[in-house]
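Undergrad: Next come the chains, spelled out residue by residue.
Protein chains: 4
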Amino acid sequence: MKRLNWGMIGGGKGSQIGPAHRMGAQADGNFALAAGALDHDAERGKAYAAELGVAPDRAYGDWREMLEKEQARENRVDLVTVATPNSTHFEITKAFLQAGFNVLCEKPMTMQVDEAEEIVAIASSTGKICAVNYCYSAYPMVREMRQMVARGDIGKVRVIVVNFSHGHHGDAADADNPRVRWRYDPQIAGVSGQFADCGIHAMHLASFVSGDQVRELSADFASAIPSRALEDDAMVNFRMEGGTVGRLWTSSVAIGRQHGFDIQVFGETGGLKWWAEQPNQVYYTPVGGRTQIIEKGEGGLSGEAARLSRVAIAHPEGFPMAVANIYVDLAAAIRGEPHGAFPTAEDGLRSMAAVHQAVASARQAGAWVDARPPSLR
Amino acid sequence: MKRLNWGMIGGGKGSQIGPAHRMGAQADGNFALAAGALDHDAERGKAYAAELGVAPDRAYGDWREMLEKEQARENRVDLVTVATPNSTHFEITKAFLQAGFNVLCEKPMTMQVDEAEEIVAIASSTGKICAVNYCYSAYPMVREMRQMVARGDIGKVRVIVVNFSHGHHGDAADADNPRVRWRYDPQIAGVSGQFADCGIHAMHLASFVSGDQVRELSADFASAIPSRALEDDAMVNFRMEGGTVGRLWTSSVAIGRQHGFDIQVFGETGGLKWWAEQPNQVYYTPVGGRTQIIEKGEGGLSGEAARLSRVAIAHPEGFPMAVANIYVDLAAAIRGEPHGAFPTAEDGLRSMAAVHQAVASARQAGAWVDARPPSLR
Amino acid sequence: MKRLNWGMIGGGKGSQIGPAHRMGAQADGNFALAAGALDHDAERGKAYAAELGVAPDRAYGDWREMLEKEQARENRVDLVTVATPNSTHFEITKAFLQAGFNVLCEKPMTMQVDEAEEIVAIASSTGKICAVNYCYSAYPMVREMRQMVARGDIGKVRVIVVNFSHGHHGDAADADNPRVRWRYDPQIAGVSGQFADCGIHAMHLASFVSGDQVRELSADFASAIPSRALEDDAMVNFRMEGGTVGRLWTSSVAIGRQHGFDIQVFGETGGLKWWAEQPNQVYYTPVGGRTQIIEKGEGGLSGEAARLSRVAIAHPEGFPMAVANIYVDLAAAIRGEPHGAFPTAEDGLRSMAAVHQAVASARQAGAWVDARPPSLR
Amino acid sequence: MKRLNWGMIGGGKGSQIGPAHRMGAQADGNFALAAGALDHDAERGKAYAAELGVAPDRAYGDWREMLEKEQARENRVDLVTVATPNSTHFEITKAFLQAGFNVLCEKPMTMQVDEAEEIVAIASSTGKICAVNYCYSAYPMVREMRQMVARGDIGKVRVIVVNFSHGHHGDAADADNPRVRWRYDPQIAGVSGQFADCGIHAMHLASFVSGDQVRELSADFASAIPSRALEDDAMVNFRMEGGTVGRLWTSSVAIGRQHGFDIQVFGETGGLKWWAEQPNQVYYTPVGGRTQIIEKGEGGLSGEAARLSRVAIAHPEGFPMAVANIYVDLAAAIRGEPHGAFPTAEDGLRSMAAVHQAVASARQAGAWVDARPPSLR
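Chains as they are written, first to last, in the working numbering: chain A, 3 to 379; chain B, 3 to 379; chain C, 3 to 379; chain D, 3 to 379.
Rather than coming from a laboratory, the hints here were simulated on the basis of the structure.
For identical chains, the list gives no copy identity; a pair is met inside one copy or between any two copies.
With a straight-line cut-off of 25 Å between C-alpha atoms, the simulated DMTMM-like cross-links for lysine to aspartate or glutamate are:
#, residue 1, residue 2
1, Lys15, Glu300
2, Lys4, Asp43
3, Lys4, Asp59
4, Lys96, Glu120
5, Lys158, Asp178
6, Lys275, Glu300
7, Lys15, Glu339
8, Lys158, Asp173
9, Lys4, Glu45
10, Lys96, Glu348
11, Lys71, Glu45
12, Lys15, Asp64
13, Lys275, Asp176
14, Lys4, Glu76
15, Lys158, Asp187
16, Lys48, Asp59
17, Lys15, Glu306
18, Lys4, Glu53
19, Lys48, Glu339
20, Lys96, Glu67
21, Lys48, Glu93
22, Lys275, Asp264
23, Lys15, Asp30
24, Lys4, Asp64
25, Lys15, Glu45
26, Lys4, Asp30
27, Lys130, Asp30
28, Lys275, Asp173
29, Lys130, Glu119
Bound-form chain A, shown alone (with noise of 0.2 Å):
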């Protein structure tokens, strides 16, 4: 098994997600960080990338000279991870998928519709892999649950209630540091806040554990902090194409709720309940019966589950270890080897059809609208 060469644009010194990346793509030993542009500061970018173990030849001033280079090397990156600003996502992933890379790009995938839908059809079209990051889905016990949705443990879904809400934007003296300021930016951050931010986590883990979409929604943004521009706390409900009604609620101005994502799912036979902050147990109870908590690991997990559990029961796995089952799957599809489902360009397509249909039903008092993008009519 050759180690797979990896690259990485954004995700500089003190960037909060590089460091999730750098753990996710090297803990099972399958890629090693073999290029770089990881600064829009060229300097400081190369000299990370050397700190890093990235030869000088492949530490980058920006992600253009990157893939320049890259395209004319033999031993060119098997995969590029995009963690850099969110309105640099598109452009850079369509490069490096038009040039023939394969892509992870960190959410949203785009800011329009348009070129989320672009991003699709140059995906298709090149067969690379375009892979984006909504690494919860790849937790064991959120796999779990998808099993046990997929078998009718529960039977058919009546109804999803998802939460993503968090406090850290709550502070009102707070809100203009730079750090949080430009969430709430429409120039910086596009249509949405929080839903676009936090929200749409919320409902792809809604569409994957149920392996249904959401067709429709109506939605209730507020400016909980009235100086921002964005909503910083909205309700979306929602149909889905089988009919389930869907509840999300996210904010960050929910003081006390740390990370706050969590997801309950009602069937005609059972109910399941997951929460992202204690990732090892689903809650599970069938109708007419008691709670049982299902846990990592434990004997009897469904295949996908059990794959992902990489230590003993109740030896607890966070954040990092969904990063990594993450590029664990993308391993494997690079070396053309069986391999399970990861997200792709056409769940960022969906998701960035939902943000801009959420804003547009917001702005109508909550009117109903179609959640999905023209392609997936």
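Following the hints, position chains B, C and D against chain A.
TA: Relative to chain A, chains B, C and D alone:
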């Protein structure tokens, strides 16, 4: 301290709410069960009354007989509890109030908004007590939250999220069980199913804790079990008079949620969380600080929470004692002693308006409507 | 059903356990407070009795007066609750039993083993009820555990781990507070501090749930606050008659544990876990299977647990209702009706023997000693 | 930053601890697997090494071959991890240390106290690193507790309670399963079963968090499954050098406890609680105050906890990252950079002495014995 004479209508053998009222009324020795019309089957009602120690001449066959004969007594009951089927609450409460009795009515106080307006008017003109059993407001830790909000511990309230979702009506095979079916039958339950049954507890608690009232709302209703004419799952977004954003989810098909009543209150400088299944703790997070666990019975609680804490810290108190707390304040009010607040006919009226307006909104695809009763706009 | 006459000794204004007894005795309408000697200050006791509705001629100055005058009445009290300082339990209980009263005594029943033997003998010869308030045994879910063990759900019990550890005596600066100090003063508390105060509740529960008795023990006592003459932290290993291994930890300096009473029972084919602070759930794990959450009030509970569940599933019940459950069975026993078990003088005797033997063991560096009273070896 | 060369002995295909070491060593890019003798079956070990990317000439048939050939290389491995069966740890560790390699040994470091003394002496004389994988000490929140104790946040530590009790060997029908049986076979496991397997993790953590050492102990061992020659349930009371009282319970028949490793530390002015199954929170209660939840990744953590927090607050981190934290500090130490503490041969020696002395105590009915190794008395 003389024990007060207490009368009960409904709450017969096998009733679910009857025992809670009896424990609540008797636990502190304030009330003795002196009279009752406990069952629509007159003989069964009298027999059960005798079993409970009611004298034969005050064990009545129906509420009309009780009204007539109690009126004629010198030692007439000091308080009448109405725990009959919902559709009869209005006429019984009205009749007893008009005859000069104090009444504690189970929720919902009426089926119609104009009926509720009428009760409010009668209570006001007679000067008699008309209380409604929103007993969750009487948990010590709910009082603590209300006091914390009132004194500004969390600043202006931005968002309230309140859920009352259980799964006990989630079994379609059981949907024709008469104990379940009536709740979704418009002939018996009226215009609303789950929202009228549980949602109004949640909405009352949002108002009680915040000290504010709901001004407008938008509702999304669903019948997850399709044969149901009324909703078994509802999402209600609302705005309060002071601008607070509200999110209320209620469901009876949420399999795995046993009682499922919780409230989260997010203000400018902190957040609060309480759960009716574990009611002796409040989770409080000051902005930028750590979550603290406030315990019932701990030193330094507010006056109301301390007054209503009955046994030492971490000796749990539950639902029966919450009901008892309502009776404690009713007894004091009847005796003309200082007492704490209890939910009144005005609360009952607001609930009824919210129910009818939520139905109206749901029928108009979630259009925003005024949630208030005509007299309180 | 006639209400029984109830008398109380101790439990005056401001007492901690008094209210629990009053709520417990009255909640179900079985007992009416008819007589009392509530306070060592005779006038204060009479005034408080009047406040609680006791007739003036049955508000007594002390227990001797009460004994004398109640004996002379035709409608003498049907049950006397003894809630005085520990060192007086023996003589009061003995006197009332000998005079033919039924007695519910707070724990500890006596200070000495021979006193306890005497009480057992008197109760046996008079045929009167002598109950001891080990009220944790009356929680519905504790009854469920007992029944599960009895019917073999977890097989032979191998290991029981029971803790009753709180931190409310952990502040050295508060150690001279009279409310705290007496518990560690041999002149008042006797031979043991924390083990006699809380440990015996834990040991009783181990016996109650397992249906077995402690045969021998080895104790390690410590005074974490060195000025204390008696232990504030103790570990007691024990073996039961049937071979079960026991681990009992009790502490009053465990800062952060509020009530801290929990029990774990491990058998050949399953394990059980219950926690007094959240008493409405039992966690049950069959060997090789998943943990299940058993809820108070759920369908299919054992007869005893169902009988003592008062309100619907997930409507929590707490400490006052556990005490009330003791009174329910006492009332039935007094009336000669079928009733469940309640803790008796024999339980009080076994506790007293365990206390004295644990002290003996601790003084001999943890030597194993017989834990049983002489009469029960 | 050059990647270090890492070698592994044991941890072959299907091993439980092998993957944790590989993730731990690789996640941060500090180590690359360069050499290995992964399996007692030479061919299988070589094949697996190849699969993991080890060059053919460094995939060895056994540890002796690896020792000989690596010694001869210029780019010999910078660190050897020993993850073989327990009884071989001593000779392998000793041989590599003597040859000048740095070693990370799985626990237990040796089977005998004198062997452990020898390893300590060799490590000291060669100046090479000899670490032992007490990896729980590397969780960020364990570091936070250690720091809180060290800076006096809870005052002098009075009592430590530490449990490591699971139920995975609780099925008697499975007791002959070779994977389970060897742990209770003195020929393979040595003098102790469960205490040597899990108890020493607990005892190490008590020392690590308190910054103190165990001086004397008293043990009660039981074989809950009677056919076992070694204990599967043990209680160890201890006293530390500074006078702290210790309570340690370890069991492998505690059905329903999955991992079951928790620690409670009670000091003069506060208490701490941590649980390895939910490792990202510490519960801290100042005396007389409320319990606070300290979160991994929150602002204001101590330097060590902040340094070892890898992703944002409430993004959980688990067991693999705790192991990775050990490797982070080993890499820094090997490079001669500043680094945090890691468990060393001295810790391994103390554990071995505690095991043998606990056995001696248990055989003498719990007599108190000196817990320290001869060289550290």
